[in-house]
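*Asks:* Here are the chains, one letter per residue:
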Amino acid sequence: MIIDGKAPTGPIETSWDRCRSSLKLVNPANKRKYRILVVGTGLAGASAAASLGELGYNVEVFCYQDSPRRAHCIAAQGGINAAKNYPNDGDSVFRLFYDTIKGGDFRAREADVWRLAQVSNSIIDQCVAQGVPFARDYAGYLDNRSFGGAQVSRTFYARGQTGQQLLMGAYSALMRQVRAGTVKVFPRTEMLDLIVVNGEAKGITLRDLLTGEVRAHTGDAVLLCTGGYVNVFHLSTNAMGCNVTAIWKAYKKGAYFANPCYTQIHPTCVPQTGEYQSKLTLMSESLRNDGRCWVPLKQEDKDKAPEKIHETERDYFLERKYPGYGNLAPRDIASRAAKEVCDDNRGVGPAGRGVYLDFKDAIQRLGENVLRDRFGNLFEMYERITDENPYKTPMRIYPAPHYSMGGLWVDYNLMSNIPGLFVLGEANFSVHGANRLGASALMQGLADGYFIIPYTIADYLAHTKPTSVTPEHQECVKSVMEVKASLRRLLSVNGRRTVTEFRRELGMLMWHSAGMLRSNKSLSETLATIPKIREEFWQNVKISGSETGLNQQLENAGRVADFMEFAELLCVDALHRDESCGGHFRVEHQYEDGEARRNDAQFCYSAAWEHKGPGTEPELHQEPLRFTSVHLAVRSYK
Amino acid sequence: MRPRKQAAPFERRNMTLKLIVWRQKNPDEKGQFETYTARNITPDHSFLEMLDVVNEELIREGKNPIAFDHDCREGICGMCSMVVNGIAHGGHERTTVCQLHMRKFKNGDTIYIEPWRARAFPILFDLVTDRSALDKIIEAGGYISCHTGGVPDGNDILISKTAGDYAMDAAQCIGCGACVAACPNGAAMLFTGAKVSHFAALPQGQVEAPERVAAMVKAMQECGFGNCSNHYECEAVCPKGIHTKFISRMNREFLKALFKENTGTFTPSEK
Ligand SMILES: Cc1cc2nc3c(=O)[nH]c(=O)nc-3n(C[C@H](O)[C@H](O)[C@H](O)COP(=O)(O)OP(=O)(O)OC[C@H]3O[C@@H](n4cnc5c(N)ncnc54)[C@H](O)[C@@H]3O)c2cc1C
Ligand code: FES
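Protein sequences, first through last, are from chains A and B.
For the first sequence, our numbering gives the first residue as 1, with consecutive numbering after it.
For the second sequence, our numbering gives the first residue as 1, with consecutive numbering after it.
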């Protein structure tokens with residue numbers, strides 16, 4: 001079926017303004033009669049909840065951490081983009097829009113991307129007003145840097161902790177509304193089901209992670225701001241608790257899941273050191289501005305100390321393969337190149353999965369102090385993890401899963417196909433197409449929460465009467481019963497393997513066959529294997545403890561169970577998309593230089609999958625992508 | 001699929017450790033220490049990964065794993081929180097316990113692991129405590145009261161680099177609560193001082209400075225946090241190296257607020 005994203009037509013420059021003035025409003029006196037449930041307190045969730053609270057809606061907020069301030073956004077280091085053009089270097093709304101479309105390999109909806117670029121400037125203003133301590137120059141003006149290979153300096157930053165500072169801004173705005181009585185926060189709760197009444201989203205079922213109580217909360221609209229799903233792979237840069245559960249449950253209740261195969265691998269992460277490892281740590285992309293990537297030319301040199309390997313015996317593989325961009329080649333290209341040299345048995349470090357990122361030349365050119373100024377905290381973090389001093393010996397890095405561009409399908413108003421269900425931030429699929437540019441996830445989260453949803457949700461609510469659905473409604477009772485039954489089922493298996501073992505098995509399989517490279521063969525084989533792992537899980541998983549009280553094993557088990565179902569959809573999507581684009585790399589489709597080979601004739605659409613019940617193939621819906629302001633071009637970074 | 005190469009096995013230099021861990025089933029129960037052995041630990045394990053290994057053993061034996069809070073495991077979310085050998089986060093400079101690695105220990109060591117202990121942080125389960133009192137302090141006034149939209153251009157508010165850097169030094173706090181756990185008085189002065197100073201240093205934060213400090217100090221007291229008597233333990237354990245000068249700043253801001261007339265909702269009698 002063909003679906004419509006309801007993007008405004010006509011000149012793109014005015015599309016959002018025209019749309020905004022045609023959206024319906026809710027009378028101020030009526031706002032408090034509407035209850036809005038916001039799941040997630042990252043940039044998307046916190047900014048949405050705070051803004052809606054300010055408008056006078058009655059808001060309830062949920063997160064699984066012990067405080068809304070700890071959402072995964074906090075880990076973002078690099079920065080946030082905006083088209084301010086403060087440095088006078090030629091940036092504009094159009095250029096940010098164009099870069100995002102091109103960076104996404106022409107797989108995103110044009111009007112949504114335009115709007116993102118347009119509101120990006122307001123985000124910076126808002127954050128400054130909240131007291132976010134962005135870097136400043138000596139005259140007191142905001143400082144910018146260039147990031148992720150962009151040709152203009154449009155990235156705002158707060159040392160290496162931009163995500164933390166932006167989240168503190170949104171969190172403080174949220175807490176202000178808690179004080180004002182418009183927002184209520186429910187930390188340590190996990191959403192385990194979406195409640196749909198007469199085809200509209202009217203509530204969620206959650207588990208209180210401290211008491212184990214399962215209960216329903218009802219409202220007039222549900223906002224899912226629950227982040228990304230790359231923890232489906234073994235070892236990612238995401239926090240331990242990042243999961244697909246909330247959006248997966250919504251999918252199973254009828255929400256379309258769009259482009260699940262679009263995942264991003266980040267090239268500069270600290271490599272794995274052992275099987276026990278639980279996550280990988282990202283080293284900011286900015287390191288590639290000064291570091292040079294290399295591996296030994298000869299396989300037999302890979303265990304030698306790096307300083308013993310002579311210049312002529314080194315392969316600076318990015319500079320060799322991409323002389324134009326060199327070490328600054330885009331994320332996906334740099335990642336694949338590193339994998340390739342390691343597959344060639346020339347990788348360094350434990351298990352041969354690493355390449356050097358060498359700062360020797362930069363230190364010689366600029367001096368150690370300049371490097372310390374630029375990267376001091378990162379080098380320290382690296383040393384803490386590896387016990388190696390990057391000023392003396394090259395860093396070792398390896399790619400790791402980092403971000404998911406896919407997510408629940410939403411229309412231009414950020415509403416899914418289920419009326420009343422809105423999806424914001426990394427959890428939706430909207431603006432990054434098949435690949436996300438650095439420093440634009442934070443931008444998107446805040447755009448969605450501060451500047452889009454307050455307008456678009458009103459349009460929905462203005463058409464709906466405040467709900468009479470209460471937790472006693474039969475749909476709520478049914479959902480609570482189902483959630484309880486599935487928790488009990490998990491506990492009753494009482495097998496022999498732990499949840500972590502299953503998580504690792506699934507994650508490794510996904511990483512090796514649907515990670516950086518995918519092929520018809522690898523995906524078909526994986527699709528045959530996943531059901532077997534899943535079957536064993538339900539017969540052999542061992543979870544101790546009970547359903548009441550804190551039970552972290554049970555929490556994990558639920559998340560892994562959902563990943564096991566979701567993994568299959570990711571592979572189905574990856575298999576169906578018989579082209580390469582952005583982060584989705586099918587080995588069958590590449591140019592000589594290893595760049596992704598798109599197939600616009602066949603695949604210039606977003607794929608939105610509809611759940612058709614267990615054991616039945618999901619149904620594919622297509623949203624054709626039309627480009628009126630840009631021309632489809634080959635993404636080249638030579 | 002390409003033939004998957006058999007990767008060289010990871011190196012193993014095994015350590016065995018004795019763990020003495022606080023176990024408690026609920027806030028009302030009296031907890032107790034239990035002893036466990038951590039086997040097959042390498043120097044590259046992080047402290048939490050070491051606990052993961054122990055927990056896997058416990059689960060296989062059908063016992064309840066040790067519950068602890070954690071999420072990012074890279075020292076920024078502030079979720080992880082445990083006292084290791086008597087020191088919050090284990091006592092390595094600017095290091096959260098999730099970033100602490102086992103190479104800091106020797107084979108055969110005995111390690112004591114306890115939850116945060118402070119009046120304002122009730123123990124909920126094993127090493128998990130209730131730190132919602134910190135949110136309460138922020139709720140009382142840890143913000144600048146601006147609405148979404150309708151704010152001036154970011155460059156309309158000029159901020160000197162020194163003031164910006166100072167604000168950032170304070171704003172780095174991750175809200176883990178180690179300062180409270182380390183303080184003999186269970187005070188949250190470093191946490192609150194950092195937030196007060198962050199905003200007080202910025203022009204846009206100064207408008208509400210008197211009301212803010214008054215409200216936050218009041219909330220701090222109501223939540224059962226103690227007072228500062230200059231032990232400096234908070235600064236020593238702070239994983240972000242937050243300086244105690246921010247406590248002095250808060251005290252100054254508080255005094256200023258006391259003497260300032262017309263400070264909105266705050267009058268000295270309300271103290
Ligand atoms: C190491 C790292 C560095 C990064 N650096 C940058 C950068 O420099 N610039 C940039 O733009 N982007 C960066 N990103 C990406 C960016 O941080 C994420 O895309 C962003 O955090 C997503 O924000 P969000 O609000 O959508 O969700 P999140 O911040 O992931 O928040 C999810 C929220 O949902 C809640 N939640 C999840 N599931 C449930 C459930 N079932 N029930 C209840 N609550 C739930 C969580 O508690 C949490 O509050 C980085 C990412 C990583 C991993
Ligand atoms: S787990 Fe996030 S700071 Fe330790």
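Check the hints yourself; a few may be wrong.
With a straight-line Cα cutoff of 25 Å, these simulated SDA-like cross-link-like pairs (lysine to any residue) come out [to be verified]:
hint, chain 1, residue 1, chain 2, residue 2
1, B, Lys18, A, Lys253
2, A, Lys304, B, Arg13
3, A, Lys542, B, Val151
4, A, Lys6, A, Tyr605
5, B, Lys104, A, Glu311
6, B, Lys106, A, Asn389
7, A, Lys253, A, Gly545
8, A, Lys252, A, Gly56
9, B, Lys136, A, Lys253
10, A, Lys298, A, Tyr455
11, A, Lys484, A, Thr548
12, B, Lys25, A, Ser546
13, A, Lys302, A, Asp361
14, B, Lys63, A, Glu505
15, A, Lys392, A, Asp290
16, A, Lys612, A, Asp593
17, A, Lys24, A, Met1
18, A, Lys24, B, Val151
19, B, Lys161, A, Lys302
20, B, Lys136, A, Gly56
21, B, Lys218, A, Phe186
22, A, Lys252, A, His576
23, A, Lys253, A, His611
24, B, Lys106, A, Gln277
25, B, Lys25, A, Glu60
26, A, Lys392, A, Pro306
27, A, Lys542, B, Arg60
28, A, Lys484, A, Thr529
29, A, Lys478, A, Gly199
30, B, Lys161, A, Gly140
31, B, Lys25, A, Arg489
32, A, Lys612, A, Gln474
Computed footprint of chain B on chain A, listed as stretches where at least three residues anywhere in the stretch have a Cβ under 8 Å from a Cβ of chain B [what the hints assert, rightly or not]:
hint, segment
33, 116-125
34, 174-181
35, 244-250
36, 275-281
37, 328-335
In short, the hints are calculated from the structure, not lab data.
Bear in mind the structure is a predicted one, so any value in this text is a computation, not a measurement.
Ideal Cβ placement from N, Cα and C applies to all residues, glycine included.
*Asks:* Evaluate each hint against the coordinates.
*Replies:* We went through each hint and held it up to the structure:
no.: 1; hint: B:Lys18 / A:Lys253; in the structure: 48 Å, violated
no.: 2; hint: A:Lys304 / B:Arg13; in the structure: 20 Å, holds
no.: 3; hint: A:Lys542 / B:Val151; in the structure: 54 Å, violated
no.: 4; hint: A:Lys6 / A:Tyr605; in the structure: 15 Å, holds
no.: 5; hint: B:Lys104 / A:Glu311; in the structure: 35 Å, violated
no.: 6; hint: B:Lys106 / A:Asn389; in the structure: 21 Å, holds
no.: 7; hint: A:Lys253 / A:Gly545; in the structure: 29 Å, violated
no.: 8; hint: A:Lys252 / A:Gly56; in the structure: 32 Å, violated
no.: 9; hint: B:Lys136 / A:Lys253; in the structure: 36 Å, violated
no.: 10; hint: A:Lys298 / A:Tyr455; in the structure: 60 Å, violated
no.: 11; hint: A:Lys484 / A:Thr548; in the structure: 11 Å, holds
no.: 12; hint: B:Lys25 / A:Ser546; in the structure: 12 Å, holds
no.: 13; hint: A:Lys302 / A:Asp361; in the structure: 21 Å, holds
no.: 14; hint: B:Lys63 / A:Glu505; in the structure: 23 Å, holds
no.: 15; hint: A:Lys392 / A:Asp290; in the structure: 15 Å, holds
no.: 16; hint: A:Lys612 / A:Asp593; in the structure: 40 Å, violated
no.: 17; hint: A:Lys24 / A:Met1; in the structure: 29 Å, violated
no.: 18; hint: A:Lys24 / B:Val151; in the structure: 24 Å, holds
no.: 19; hint: B:Lys161 / A:Lys302; in the structure: 45 Å, violated
no.: 20; hint: B:Lys136 / A:Gly56; in the structure: 21 Å, holds
no.: 21; hint: B:Lys218 / A:Phe186; in the structure: 24 Å, holds
no.: 22; hint: A:Lys252 / A:His576; in the structure: 20 Å, holds
no.: 23; hint: A:Lys253 / A:His611; in the structure: 8 Å, holds
no.: 24; hint: B:Lys106 / A:Gln277; in the structure: 20 Å, holds
no.: 25; hint: B:Lys25 / A:Glu60; in the structure: 29 Å, violated
no.: 26; hint: A:Lys392 / A:Pro306; in the structure: 11 Å, holds
no.: 27; hint: A:Lys542 / B:Arg60; in the structure: 7 Å, holds
no.: 28; hint: A:Lys484 / A:Thr529; in the structure: 28 Å, violated
no.: 29; hint: A:Lys478 / A:Gly199; in the structure: 15 Å, holds
no.: 30; hint: B:Lys161 / A:Gly140; in the structure: 6 Å, holds
no.: 31; hint: B:Lys25 / A:Arg489; in the structure: 23 Å, holds
no.: 32; hint: A:Lys612 / A:Gln474; in the structure: 23 Å, holds
no.: 33; hint: 116-125; in the structure: holds (count 3)
no.: 34; hint: 174-181; in the structure: holds (count 4)
no.: 35; hint: 244-250; in the structure: violated (count 0)
no.: 36; hint: 275-281; in the structure: holds (count 6)
no.: 37; hint: 328-335; in the structure: violated (count 0)
Going through the hint list in order, the structure does not satisfy hints 1, 3, 5, 7, 8, 9, 10, 16, 17, 19, 25, 28, 35 and 37.
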